[in-house]
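J.: Sequence:
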Amino acid sequence: MEKGGVYRGRSGRGTAGDGRRGGYRGGRGGGQQYRRRDQPDQQEWRSSGQSGGQGPPPYHDRPYGGGDGGGRGHSGGARGVNRGAWVPNRGRGPTGPPAAADHSPSLQRGSQSPPESVLGPVVSEMEKCKISQKLPSSSSSEENPNRTVPVKRPDKGGTLGTKMVRLRANHFLVKYDSERIIKHYDVDVKSEAPIKNGYPKRISKSDLSVIRNKLFTDNPAEFPMSFTAYDGEKNIFSAVPLPTGTFKVLVGEEGRHGSYIVSIKLVSEVKYCRLDDYLSGIISSIPRDTLQAMELAMKDNPNRNMIPVGRSFHPVETYPEDDLQCGIIASRGIQHSLKLTSQGLASCLDYSVLAFRKKMPVIGFLQEHIRGFNLSDFERFRRQVQIALRGLKVTVTHRTTKQKYVVAGLTRENTRHLSFTAEDPEGNVPARQVSVIAYFREKYQKEILYKDIPCLDLGKNNKKNYVPMEFCILFEGQVYPKEHLDRNAALKLKDKSLAQPAERERRICGMVQSTVGPCRGEVVSNFGIEVDMQMTSVVGRVLAPPELKLGAPNGKLVKIPVDRVKCQWNLVGKALVDGKPIQRWAVIDFSSAESDRFKLIPGKFIPKLIARCKNLGICMEEPLIYERATMNKFSNVDMLRELLEKINDRVYHIGKGRLQIVLCVMARKDPGYKYLKWISETRVGVITQCCLSTNANNVHDQYLANLALKINAKLGGSNVELIGRLPYFKDEKNVMFIGADVNHPGSKNTTSPSIAAVVATVNWPAANRYAARVRPQEHRKEKILHFGDMCLELVETYARLNKAKPDKIVVFRDGVSEGQFDMVLNEELVDMKRAFGTINYSPAITMIVAQKRHQTRLFQETQGEGSSTGNVSPGTVVDTTIVHPFEFDFYLCSHYGSLGTSKPTHYHVLWDENGINSDQLQKLIYDMCFTFARCTKPVSLVPPVYYADLVAYRGRLYYEAVIEGQSPVSVSSSLSSLASSSSSSSAASLDDRPCWDAVLCDCVPSDFGFGLAWICFRVLTFLWSIGESCLLDFRNTWVVSAFHEVSFVFCSSPCARF
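Each residue of the sequence shown is one higher than the last, beginning at 1 in the UniProt record's numbering.
These aren't lab readings, by the way, just hints derived from the structure by calculation. What you are looking at is a predicted structure, and each value in this text was computed from that prediction instead of being measured. Each residue gets a CB set at the ideal place from its N, CA and C atoms; glycine is no exception. Any given hint might turn out to be false.
What the hints assert, rightly or not - Simulated restraints, written as ranges between beta carbons of each label pair:
(1) G603 with G555: 45 to 55 Å
(2) K460 with S868: 27 to 37 Å
(3) N554 with S868: 48 to 58 Å
(4) L160 with K559: 18 to 28 Å
(5) K656 with Y626: 14 to 24 Å
(6) K404 with E192: 46 to 56 Å
(7) S595 with H257: 35 to 45 Å
(8) T750 with L557: 28 to 38 Å
(9) D638 with N305: 34 to 44 Å
(10) T401 with P308: 12 to 22 Å
(11) S747 with K614: 12 to 22 Å
(12) I370 with D495: 20 to 30 Å
Claimed, not checked - As a list, the in silico DSS-like pairs of lysine-lysine whose alpha-carbon atoms are at most 27 Å apart:
(13) K163 with K748
(14) K214 with K201
(15) K669 with K656
(16) K214 with K393
(17) K748 with K358
(18) K156 with K748
(19) K190 with K156
(20) K566 with K494
(21) K205 with K446
(22) K903 with K833
(23) K574 with K549
(24) K496 with K358
(25) K549 with K733
(26) K205 with K163
(27) K460 with K393
(28) K190 with K205
(29) K451 with K463
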């Protein structure tokens, strides 16, 4: 994930040599340099008064954020190249433009004129126990000339496809003055307030902006606001020279709200021509300071005129049709980023929808938000009011001020009985007790109407500040978590978010032309930036779907037709490739105590499920046990464990064998789902499949078929397979595909570890069965700390099952931004090579980043060329114009978009020792999207990454279940017993500690959506206890999925066959 505080825009992607980049007319090779002539020369601003008079230092590149995303890299070459020892690329990049010629299709547009986080105790303890030791960090791109950089595009782009389509992308060409030089200043703000407890006063980001604005408005001649862009923290970029030195700023009347010392120092000169040098291939490092300056300049206008929320901007105006009720409103905003593409610098804008609390009086909000709220019976609703208001920002109306306050809570006493001690700051009048009612009457001439309700406490730093609710208004732009919305509001928000392509395109074009948007404003103009108002035209290709096979009624495998429009296939009259017989299974009906509407009808559902499974080639017997239970068992871990163990034991004695699967029918979704999975998979060792009673009672054929697909995958069956081998690797003997992802805790969670997951295929050529490793690591750490060791364990699993190691490995990495490519290449890939080197193993490796968190959208230029929903067709690929200037990347929309506007996945190749070209890689990934175990259609993301994401989420569920599901006593007891049994030998490794047999099934947020194939999961132990918390140790955890019959040895226990 990208970190805050530095430039976070994404570098563009594209092919080399397009020649239509900002700064040149006529492309490469003698093009006429573009200079802006539409503005008079700007007067030089000379510093005066308190200026330090410091001149600019020589220009130097300043790395911002992560490593560089560009530069010279391995070009692919012949197959098998660089398969020996690990040797990073050297040098600073090519000395001239990229060699590739213009390869954009003829349908493209013509040339354009350019114009520090604090670790929680859990994470600290993890480091002590060496679960997540840090690897040596690579130097930054500028400090380490021997770093590895992403590979170049091996060709001019792909040519395969059933047809070519004309598309529009939400990229808008940015023109700029190549000779423009922007000054970069460092800003340091310190409060003159006395230091307390040895720490200086912390200044919030909003206060920093107020201080900067005050300095500039008080001195407009020396600090022209319209010529500067501020990031709200440490950086100011200016189109004119600014005074340097120290300045005193008083906020409020005579400094009533604080006195501050502002230090301004010139850091460097930012030259736009560096963008031209990078786009031409003259330099290899992305000029991030230049991009940061331009992006801040473009954000200045929406920052002033819209509501900034993270990376998006939302209008101040609200509309009745966007009301979600309960004091919540849907806000339609924009997301903006700058991208370096083969056509030049481009502004990428997309449509964004968030739920906001309305800007309204606090009392009015409570009346809308809390059902049945009544001021005359306030005490009845006190707890709900506390939950609804705590932490929200409000402004006050009893005096003129723009200051925002944070609600700390409610006063214990009602306003009528509330008083405080008034003190004279000068000490002339003795302290006295004053009632809040009298104070507001005398000080502000305000009569309080609601005296029998509490006041809001708006104080901070243990200081009290009591303000009656009637004088408080909710501040605009406060996001309301969508998971807290009621069902109707959530559906309405989802409907607005999933705008159809035509509607989204219309809104995006309106944003570009808006006077309050990022493409307009004085600062943009004064920075020499101009944005083309037309979307970028691009030509895409539609790849042909692969040929698939299913089973026939006679038991043979047959080729099945794939729908050419939606790329789906039908299971009617077909059987699965390998349906596993189900002889020992049970049903737990958690809906038995519910009303008739939510109660399962077992006599209707179970026979229909058995019949549908038999039609699909799954021989399913009658369940051995049907157990009635209630939903309240989900809130009690001990009751769940006792229930599952009882059923497991009964089936073992009745069925003379191990229980294969338990079907859990739930009346509704429940937070206790995580407890069910944790207990069944790490304590009892049984596979579970959950479903909702309402869906089960409908017994729709499609629903039953989907349920059967999940069950068969969990039991090791194979649902559908490709007829031929995957492209490019058709003649290879052993190939492995790896997926890697990191699951991070929520934004408000500051202590929980991140969960890293790495999965890999363990069968070839089908490549549809996976093994996995899951490990905890530092809080919100995106780098996978033991990536090499995890990959090595997966290779050893592959070798154990196939009697040979893979000769070629393709790694798909998810969840990283362009600024983190350097980390993936120079830390994770290096660690992988290191681990392989310990066993003298050197396969050919290709490493690819798969990105879904981007703003690029594709729209049909001609209606009717794509799907009936207006989206582009499945298999649409774009690898020209809007991609990187010379690195190897492309956009692929592999799925059918039935709702909203399809978002393509962006694939960026960082390293390639297999020599794969564009056509081969695009077809390989597209075909793999048809192998996801639980769909009868291609998925939007390559399956290894999809599975890695699901496994990481399952690890998160386990951690939450451990923390929430056990009392401190039981946790300490478990840990004590584990510690005593593992401390018998001081030299014992983690593998020598006790473990639980477990089965990990369904690595998904819930069984009601997507899922992962059947998985066996070994959990080693709880590792430690810190106070009342503990952490699950996944260090040597391993997962093997979807095998026919495989023997596993769990520690010293006998082999268990599934």
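J.: For every hint, state whether the structure bears it out.
T.: Here is how each hint holds up against the structure:
1. At about 31 Å, the CB distance of G603 to G555 disagrees with the hint of 45 to 55 Å.
2. Between K460 and S868, the C-beta spacing of about 56 Å breaks the proposed range 27 to 37 Å.
3. One distance hint, 48 to 58 Å for the beta-carbon pair N554 and S868, is violated here, with the actual separation near 36 Å.
4. The hinted range of 18 to 28 Å is satisfied by L160 and K559, whose Cβ atoms lie roughly 21 Å apart.
5. At about 19 Å, the beta-carbon gap between K656 and Y626 stays in the expected band of 14 to 24 Å.
6. Taking the beta carbon of each, K404 and E192 are about 22 Å apart, not inside 46 to 56 Å as hinted.
7. Taking the beta carbon of each, S595 and H257 are about 58 Å apart, not inside 35 to 45 Å as hinted.
8. For the pair T750 and L557, the supplied restraint of 28 to 38 Å is violated, since their beta-carbon distance comes to about 53 Å.
9. Checked against the hint of 34 to 44 Å, the C-beta distance between D638 and N305 comes to roughly 57 Å, which is inconsistent with it.
10. Distance hint check for T401 and P308: the Cβ-Cβ separation is about 21 Å, which falls inside the suggested range of 12 to 22 Å.
11. The beta-carbon spacing between S747 and K614, approximately 48 Å, falls outside the hinted interval of 12 to 22 Å.
12. In this structure the hint that I370 and D495 lie 20 to 30 Å apart at CB holds, the actual value being about 25 Å.
13. Proposed proximity of K163 and K748 is contradicted: the alpha carbons are some 48 Å apart, above 27 Å.
14. Restraint check for K214 and K201: the C-alpha separation of about 19 Å stays at or below 27 Å, so the hint holds.
15. Annotation: proposed proximity of K669 to K656 is violated, straight-line Cα distance about 33 Å (limit 27 Å).
16. Distance restraint check for K214 and K393: the Cα-Cα separation of roughly 22 Å lies within the 27 Å cut-off, and the hinted pair is therefore satisfied.
17. Between K748 and K358, the direct Cα distance comes to roughly 22 Å. Compliance with the 27 Å bound is thereby established for this hinted pair.
18. The straight-line distance between the Cα atoms of K156 and K748 is roughly 46 Å, outside the 27 Å bound, and the hint therefore fails.
19. A hinted pair counts as satisfied when its Cα atoms are at most 27 Å apart, and K190 with K156 does not qualify at roughly 54 Å.
20. Straight-line distance between C-alpha atoms of K566 and K494 comes to about 23 Å, which keeps the hinted pair within the 27 Å bound.
21. Our distance criterion of 27 Å between C-alpha atoms is broken by K205 and K446, whose separation comes to about 32 Å.
22. Between K903 and K833, the direct Cα distance comes to roughly 33 Å. Violation of the 27 Å bound is thereby established for this hinted pair.
23. For the given pair, K574 sits about 10 Å from K549 by alpha-carbon distance, which is consistent with the 27 Å threshold.
24. About 17 Å separates the Cα atoms of K496 and K358, which keeps this hinted pair within 27 Å; it holds.
25. Restraint check for K549 and K733: satisfied, since their Cα atoms lie roughly 22 Å apart, inside the 27 Å limit.
26. Distance check on the hinted pair: K205 and K163 sit about 51 Å apart at the alpha-carbon level, beyond 27 Å; violated.
27. For the hint linking K460 to K393, the alpha-carbon distance of about 12 Å falls within 27 Å, and the restraint holds.
28. As the CA atoms of K190 and K205 are separated by approximately 13 Å, the hinted pair is consistent with the 27 Å bound.
29. A hinted pair counts as satisfied when its Cα atoms are at most 27 Å apart, and K451 with K463 qualifies at roughly 22 Å.
Taken one by one, the earlier hints fail for this structure at numbers 1, 2, 3, 6, 7, 8, 9, 11, 13, 15, 18, 19, 21, 22, 26, listed in ascending order.
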